[in-house]
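Novice: These are the residues of each chain, in order.
2 protein chains.
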Amino acid sequence: MKAIQLIHKDQSPVIAEIPVPIESDGAILIKVSCAALNHRDLWIVKGKYAKIKYPVIPGSDLCGYFNGQRVLVNPGMNWGDNESVQSKQFHILGLPENGCFAEYVSVPKEYIYPAPEHLTNEQAAALPLAGITAYRALFTKCNARPGENILITGIGGGVAVQTLQFAIAHGMNVYVSSSSDSKIQKAISLGARGGVNYLNDNWDQELNSISGGVHIVIDSAGGNPFGKLINVCLPAARICLYGGSLGLISELSPQVIFWKQLSIFGTVMGTPLEFGKMLSFVIQHKLLPVVDSVYQMTDVSAAFDRMERKQQFGKIVLRINE
Amino acid sequence: MKAIQLIHKDQSPVIAEIPVPIESDGAILIKVSCAALNHRDLWIVKGKYAKIKYPVIPGSDLCGYFNGQRVLVNPGMNWGDNESVQSKQFHILGLPENGCFAEYVSVPKEYIYPAPEHLTNEQAAALPLAGITAYRALFTKCNARPGENILITGIGGGVAVQTLQFAIAHGMNVYVSSSSDSKIQKAISLGARGGVNYLNDNWDQELNSISGGVHIVIDSAGGNPFGKLINVCLPAARICLYGGSLGLISELSPQVIFWKQLSIFGTVMGTPLEFGKMLSFVIQHKLLPVVDSVYQMTDVSAAFDRMERKQQFGKIVLRINE
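Just so you know, the sequences run in chain order S and B. Per the working numbering, the very first residue in the first sequence carries number 19; after that it's consecutive. Per the working numbering, the very first residue in the second sequence carries number 19; after that it's consecutive.
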């Protein structure tokens with residue numbers, strides 16, 4: 019079969035011809051139709067992820083076929099018994115085990131779900147990792163309620179856009195931030211009430227003036243802007259952090275945190291139970307995950323290039339088998 | 019009556035002779051036996067608190083008499099309807115209204131509680147503000163469970179020492195930090211399993227080696243050491259922040275926060291319901307709040323001096339009426 023393989027740390031991904039994985043007890047073989055990129059894949063390709071082993075086939079998100087049924091996969095494996103946090107055995111499809119940027123992928127049975135019928139293969143592939151992360155952040159961690167104001171930072175990223183969809187479906191007032199005005203406009207066209215460019219020094223004041231403050235923040239960035247996030251928080255607001263693309267947090271005021279009685283939660287993916295609930299939510303609200311662009315498998319480098327330049331709004335999809 | 023009064027911003031507190039407050043509908047007059055200092059009072063005396071009005075009598079913690087009954091007061095007033103956060107009308111006895119560093123204080127009826135019988139007047143005065151803050155942080159915010167490991171930073175401060183007592187009574191394994199080795203030794207003599215001096219660069223590694231990591235941190239400081247707090251946290255740990263004596267938080271890793279799925283909570287005082295529960299807990303476990311030292315009312319400057327030099331371990335008490 020054809021697979022996108024990483025051979026060495028400092029080498030671009032190659033299209034390799036390798037044996038189809040062997041079906042085993044408990045694990046089944048899925049013929050992959052579409053796969054979607056995550057930032058995790060980019061870091062793995064760049065050699066910047068922890069504990070990379072070579073060779074490896076990356077890829078966590080897919081829509082494919084098993085026994086004629088259209089399926090997708092919960093890529094978060096071995097979560098463990100504690101709903102509050104993943105176990106030490108937790109791992110994500112696509113490292114260390116081979117992932118789904120290949121014509122076939124072997125996945126333990128219990129992680130397979132029927133793909134929601136109202137989605138195309140591309141849309142279904144776009145859903146799993148972003149969907150589970152957004153669902154846990156918004157509902158489990160932040161206990162989001164209809165009518166609340168929410169700020170979603172870094173709009174354009176897969177989790178951010180999926181959170182926007184969930185929040186709007188849940189009846190929330192959505193505000194976004196980005197370093198790109200055109201991404202803010204796209205978010206507004208999807209139902210956001212407004213947005214601010216965090217490159218403006220006074221973005222926090224701007225956001226307060228358009229929103230009156232927010233009850234929830236879903237943040238992927240950390241870094242310097244995090245210190246200002248708490249300025250847009252209403253009393254008792256909840257902040258959920260699922261990424262750290264802007265690095266270490268600094269200039270964060272403990273006085274604001276305690277006087278407003280803020281809660282700051284870290285989150286990673288989600289439990290199998292949450293994955294099932296997330297799918298139900300998508301089906302119930304007939305949500306269509308936002309596909310930014312679709313690349314042929316052979317154009318994988320161009321796909322990663324688009325992600326590295328932060329040009330996408332929604333998910334970048336690879337077409338694997340026609 | 020005699021009262022400790024602040025007349026102007028840049029003037030030390032004076033012992034003034036002023037009229038006894040008039041009893042009014044809803045508010046009753048308490049004859050103050052003992053009062054206790056809080057950091058808040060120090061900041062007010064230094065002119066560093068928000069919205070100070072002059073003249074004012076500071077003081078939030080007291081034990082006194084009303085109708086021959088020994089009483090104490092919940093100093094957190096007008097909390098409001100939202101258990102998650104205090105209302106805009108919330109204020110603390112001792113600013114803007116006159117507080118209890120006086121022979122008499124007028125307090126709305128609903129904030130008066132019988133003083134626990136097993137406590138001396140000094141111990142009872144030491145309890146309210148530190149007790150309610152510690153109770154909410156430990157139980158409401160962090161959902162502390164017996165057998166869990168807890169780090170209490172800045173041991174010696176009133177809330178920290180009260181948290182230590184509550185945690186030990188609750189069957190937890192207590193670790194402490196301080197910049198003073200002798201305070202760490204005092205904490206150990208009260209039942210802590212160990213402690214680390216946060217002036218040592220590798221205090222986080224030291225603490226991990228003696229504790230194996232902690233499930234809960236109760237922090238009063240923020241500042242630079244906060245970035246290392248998350249290194250001693252076990253997965254799914256909860257951090258509660260009730261102060262910011264070391265200033266802005268910096269070098270805080272979002273990756274550690276999200277991968278460990280940490281929760282960081284800000285907290286202020288507590289609700290009337292929590293105040294009642296706190297008193298019950300103290301009575302049930304026959305806890306004796308730690309009194310660091312007792313000063314006569316006329317020695318108030320020496321008392322504040324002791325607090326400013328961070329010499330205390332537990333509460334500094336003023337004897338008002340013999």
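Don't read these hints as lab results, they were simulated from the structure. Certain hints may be false.
Straight-line Cα separation of at most 27 Å, BS3-like style, residue types lysine-lysine; simulated pairs [said to hold, decoys possible]: (1) S/27 <-> S/328; (2) B/246 <-> S/106; (3) S/246 <-> B/328.
One-sided excerpt, in silico: chain S residues whose CB lies under 8 Å from chain B [unchecked claim]: (4) 189; (5) 253; (6) 278.
The following residues of chain S were derived to be distant from chain B, with all beta-carbon distances above 12 Å [stated by the list, open to error]: (7) 101; (8) 128; (9) 154; (10) 265; (11) 271; (12) 285.
We treat Cβ as the ideally placed atom computed from N, Cα and C, and that holds for glycine.
Novice: Hint by hint, note whether the structure agrees.
Specialist: Now for the hints, and whether the structure bears them out:
{"no.": "1", "hint": "S/27 <-> S/328", "in the structure": "holds, 22 Å"}
{"no.": "2", "hint": "B/246 <-> S/106", "in the structure": "holds, 22 Å"}
{"no.": "3", "hint": "S/246 <-> B/328", "in the structure": "violated, 31 Å"}
{"no.": "4", "hint": "189", "in the structure": "violated, 20 Å"}
{"no.": "5", "hint": "253", "in the structure": "holds, 4 Å"}
{"no.": "6", "hint": "278", "in the structure": "holds, 6 Å"}
{"no.": "7", "hint": "101", "in the structure": "violated, 9 Å"}
{"no.": "8", "hint": "128", "in the structure": "holds, 22 Å"}
{"no.": "9", "hint": "154", "in the structure": "violated, 9 Å"}
{"no.": "10", "hint": "265", "in the structure": "violated, 8 Å"}
{"no.": "11", "hint": "271", "in the structure": "violated, 6 Å"}
{"no.": "12", "hint": "285", "in the structure": "violated, 6 Å"}
Hint compliance for this structure: hints 3, 4, 7, 9, 10, 11, 12 are not met, and every other hint is.
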